[in-house]
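Using the hints provided, position chain Y relative to the given structure of chain U.
Protein chains: 2
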Amino acid sequence: MVKVYLAGPEVFLSNARMILARKAELARAAGFTPLVPGDLAIPETNSKRERGVAISGVNEGMMRHADLIIANLTPFRGISADVGTVFELGFMCGLGRPVYAYTNSARGYFERALHDYYGGRVAKRPDGATAGPDGLSIEDFDMADNLMLDGGIETRGGTFVRRPVPEAERFTNLQAFEECLAIAARRHLA
Amino acid sequence: MVKVYLAGPEVFLSNARMILARKAELARAAGFTPLVPGDLAIPETNSKRERGVAISGVNEGMMRHADLIIANLTPFRGISADVGTVFELGFMCGLGRPVYAYTNSARGYFERALHDYYGGRVAKRPDGATAGPDGLSIEDFDMADNLMLDGGIETRGGTFVRRPVPEAERFTNLQAFEECLAIAARRHLA
Chain U
1 MVKVYLAGPE
11 VFLSNARMIL
21 ARKAELARAA
31 GFTPLVPGDL
41 AIPETNSKRE
51 RGVAISGVNE
61 GMMRHADLII
71 ANLTPFRGIS
81 ADVGTVFELG
91 FMCGLGRPVY
101 AYTNSARGYF
111 ERALHDYYGG
121 RVAKRPDGAT
131 AGPDGLSIED
141 FDMADNLMLD
151 GGIETRGGTF
161 VRRPVPEAER
171 FTNLQAFEEC
181 LAIAARRHLA
Chain Y
1 MVKVYLAGPE
11 VFLSNARMIL
21 ARKAELARAA
31 GFTPLVPGDL
41 AIPETNSKRE
51 RGVAISGVNE
61 GMMRHADLII
71 ANLTPFRGIS
81 ADVGTVFELG
91 FMCGLGRPVY
101 AYTNSARGYF
111 ERALHDYYGG
121 RVAKRPDGAT
131 AGPDGLSIED
141 FDMADNLMLD
151 GGIETRGGTF
161 VRRPVPEAER
171 FTNLQAFEEC
181 LAIAARRHLA
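Residue numbers (the UniProt record's numbering), protein chains in the order written: chain U, 1 to 190; chain Y, 1 to 190.
Chain U on its own, in the form it takes in the complex:
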């Protein structure tokens, strides 16, 4: 049984349980045992903060038991991936496990920063970097997101699938996820 941890911001959707159940079902159909955030009971706690720490602990525990991760890095509340998912991607890289990711955004980080964040108001700095009015350079490496994400995936032989979807399906379309599953299945299932 090869266990795959399904990371992503789906937990914030109003129909989170349905989407996560669908992802788990697809993972099983591909031959994996899915480990899904929210599937384990959270111990009783005395404050909101303690509860947050408890959930973090449960998720870290699931990742330790997982053989690989498939992370949904679709931009979330801004121009980059959900930081919770990014933490998990980094965590699995640190553990030395195979990592796969996908994004439902077709455009790369440079384009999103330039158009969506700065509204095109960028200029060349004296050092040659393209920067916003705040002076911060925009990294330009033909990547879907920050180089630590794309680089971390590529370095360990993973795949980062980029597939555009209609805006209304940004967090529910599972085509790119299925593509990740198929790639991971070929590599990790006998």
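Read the hints as simulated data drawn from the structure, not as lab findings. These numbers come from a predicted model, not from an experiment. Warning: the hint list may mix true and false statements.
The list makes no distinction among identical chains, and a pair is therefore deemed to hold if it is satisfied within one copy or across any two copies.
Said to hold, decoys possible - In silico SDA-like cross-links for lysine to any residue, where the CA-CA straight-line distance does not exceed 20 Å:
| hint | residue 1 | residue 2 |
| --- | --- | --- |
| 1 | 48 | 140 |
| 2 | 124 | 15 |
| 3 | 48 | 162 |
| 4 | 48 | 131 |
| 5 | 3 | 78 |
| 6 | 3 | 39 |
| 7 | 48 | 114 |
| 8 | 48 | 189 |
| 9 | 124 | 187 |
| 10 | 48 | 156 |
| 11 | 48 | 169 |
| 12 | 48 | 159 |
| 13 | 3 | 131 |
| 14 | 48 | 110 |
| 15 | 48 | 121 |
| 16 | 3 | 58 |
| 17 | 48 | 108 |
| 18 | 48 | 154 |
| 19 | 48 | 137 |
| 20 | 48 | 97 |
For chain Y alone, coordinates are given in the frame of chain U:
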């Protein structure tokens, strides 16, 4: 020699070298050997993308040699921390190394999402969660950022220092960084 990896979005500043040199100097003054992104030469490559992957590899190598990390999780181009830094925080947690972090934003994630991202246009969902007009719930755990970040730091006994600074000093004020250094020095230096 205890080696500390200095993670943060300072690399994007126009005066990156100056700020990073100052952070390294403060780390040395506290008794650490600083490992700073950008300090090692990047191998020659044939494309922007290859260069990004090469930088990622150099940064991962530095982290493997580091005994601990101090991560600047000040919100970057949005309401959460820089995803590159978050990847590095997760990576060090996966490696089992001590982690420390700071943010120059006094407000927590819930407040930033509610006010800065949704402009106050939030409502209770039938499941009791506070959500934006896009239906996505806002996590509310009295934390500085996503629970995987705050939780991951707290679980391993680290500290996440939160200190407000004037907006103009958002990425250059090093008071919270110095506080992290002092805490880490007490714990990790004889």
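May I ask which of the numbered hints given earlier this structure violates, with the numbers listed in increasing order?
5, 8, 9, 11, 13, 15, 20
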